[in-house]
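Undergrad: Residue numbers (our numbering), protein chains in the order written: chain A, 1 to 145; chain B, 1 to 197.
Please keep in mind that the hints were generated in silico from the structure rather than gathered at the bench. Warning: the hint list may mix true and false statements.
[To be verified] A short list of chain A residues far from chain B (calculated; beta carbon distances all over 10 Å): (1) Ser5; (2) Asp45; (3) Glu100; (4) Ala139.
[Stated by the list, open to error] Here are the in silico distance ranges between beta carbons for each label pair: (5) A:Asp123 - B:Ile166: 23 to 33 Å; (6) A:Thr33 - B:Gln192: 30 to 40 Å; (7) B:Gly43 - A:Gly83: 40 to 50 Å; (8) B:Gly181 - A:Thr103: 48 to 58 Å; (9) B:Asp178 - A:Ala80: 25 to 35 Å; (10) B:Leu179 - A:Leu82: 40 to 50 Å; (11) A:Lys11 - B:Arg111: 50 to 60 Å; (12) B:Asp173 - A:Gly90: 48 to 58 Å; (13) B:Asp79 - A:Thr79: 48 to 58 Å; (14) B:Ala75 - A:Glu19: 24 to 34 Å; (15) B:Ala75 - A:Thr15: 51 to 61 Å; (16) A:Asp99 - B:Gly183: 11 to 21 Å; (17) B:Ala180 - A:Ser137: 27 to 37 Å; (18) B:Lys8 - A:Thr33: 50 to 60 Å.
Glycine is no exception: its CB is placed at the ideal position from the N, C-alpha and C atoms.
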Amino acid sequence: MMRFSDADGRKIVSTSSAETVGKVSGFVVDPVTRSVIAVQVRRADDGDTLRWPQVVAFGSDAVTVEAASAITEADDEVTALLGKDHRLVGKRVLSTAGDELGTLTDVEFDGASGSVTRLLLADNDEIAGVRLRGVGSYAVVVTAE
Amino acid sequence: MRTSGVAKRPVVTLDGEAVAQLKDVVFAAGGGAVGGFTLAGRGLFSGPLKESLPWSSVLALGSDAVMIAGEDSLAPAQDLLDASASSGGSGGNVLGSQVLTDSGTDLGTVRDVIIEVGGAAEGSCAVIGYEITTSGALEHKGMGHKGATLLIPLPDTVAASGEHLIVPASAVDFVGNDLAGFGASVEAFRAQLGGRA
C-alpha cells in the first residue's frame with residue numbers, strides 16, 4: 001500500500017530509455033470506481049498526465065513507464081474530474097448522514113491496481129476506501145456507517 | 001435526532017458540491033411537520049434562490065450538512081410555498097417572525113428552529129421548538145433579559161401565518177436555554193397539553 005504523501009515527488013522513469021521523464025505531482029481519483037485513474041506529472045516534456053493503464057509499476061522508489069510518450073495531455077475524462085476541484089487532501093469529510101468526520105490528511109492506495117484502500121483523517125482516524133462516495137469542491141463524501 | 005441551527009446549514013450533494021444553504025423552514029400541512037426549506041445561495045452576498053428543497057428530497061439532515069442526491073433534487077420555491085399556503089402553512093417566513101402566546105404576549109422573534117427527525121421508518125421531520133431572541137417579556141420569571149436567546153417548546157401542531165407564530169401561553173413554563181434538556185421540556189409540555197385536552 002502507498003500513500004499520496006509518500007508518492008508525491010516520486011520520479012517517473014522510462015524503462016526503454018532509463019531516463020527520468022517526470023515527477024509525480026498529484027493524483028486524479030474517480031470516486032465512482034474509487035481508484036486512481038491518472039497521475040499528474042510535472043517536469044515532463046509532452047503533457048502533464050499519466051493515465052493509470054500506462055503505468056508499468058508504481059514502485060517504492062520510482063514509477064516506471066515504457067516510454068516518455070506514456071505521459072500525455074489530460075483527456076476529457078481526466079479534465080472533467082479535475083474541473084470539479086478533485087483534490088482530496090485537506091478537504092472536509094462529510095458522511096452521507098450529513099455529519100462532518102474531519103479533515104482528510106492522506107489517501108492510501110494499492111500500487112498495483114490504483115484502488116483507494118483507506119482515507120486517513122486528522123487524529124489518526126481512518127475510513128475504508130470502499131466508503132468513498134463523491135469528491136466535490138465542498139467536501140469528500142463517504143457512506144455513513 | 002434533534003438539531004438546531006438549521007439556518008445557513010449547507011446543502012451538499014453526494015458528489016461533494018455545496019449547492020445552497022438553508023434559509024428558512026416551510027411548514028407542511030397545518031402542523032409542526034417540515035414541508036421543506038427555502039434556500040439561499042452560498043457566500044456573503046448571495047440572496048435567496050428560486051429553488052427550494054422539499055423534505056422528500058432530503059437524504060439526511062446531519063449536524064453539519066443537509067445531504068441531497070444532486071442538484072435536480074431542488075424544486076421551484078413557488079411550488080413548495082404554494083403547497084404550504086394552501087394547507088395553512090407559513091410560506092417560508094418562520095425565521096424573524098414574532099412569537100405571540102395565545103394570551104397575547106410577545107415573547108420575541110425566531111432566530112432558528114429546533115427540528116426532530118423521526119426514525120427512518122417514519123421519514124418525517126418536525127419543528128419541535130423555536131430558538132428566539134426574547135423581547136424581555138419573561139424577565140420577571142428570571143428567564144432572560146431582552147435580547148437573550150431562549151428555547152420555546154412547541155405543541156405538535158402550530159399556527160403560523162408568516163406574520164405571527166402562536167404558541168400556547170403555558171409554553172412559557174417550559175422555556176429553556178440549553179438544547180441538552182430541551183427534549184424533556186418538549187415532552188413535559190406536550191404531556192401537559194394532552195392531559196388538559
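Undergrad: May I ask which of the numbered hints given earlier this structure violates, with the numbers listed in increasing order?
TA: 3, 4, 5, 6, 7, 8, 9, 13, 14, 18
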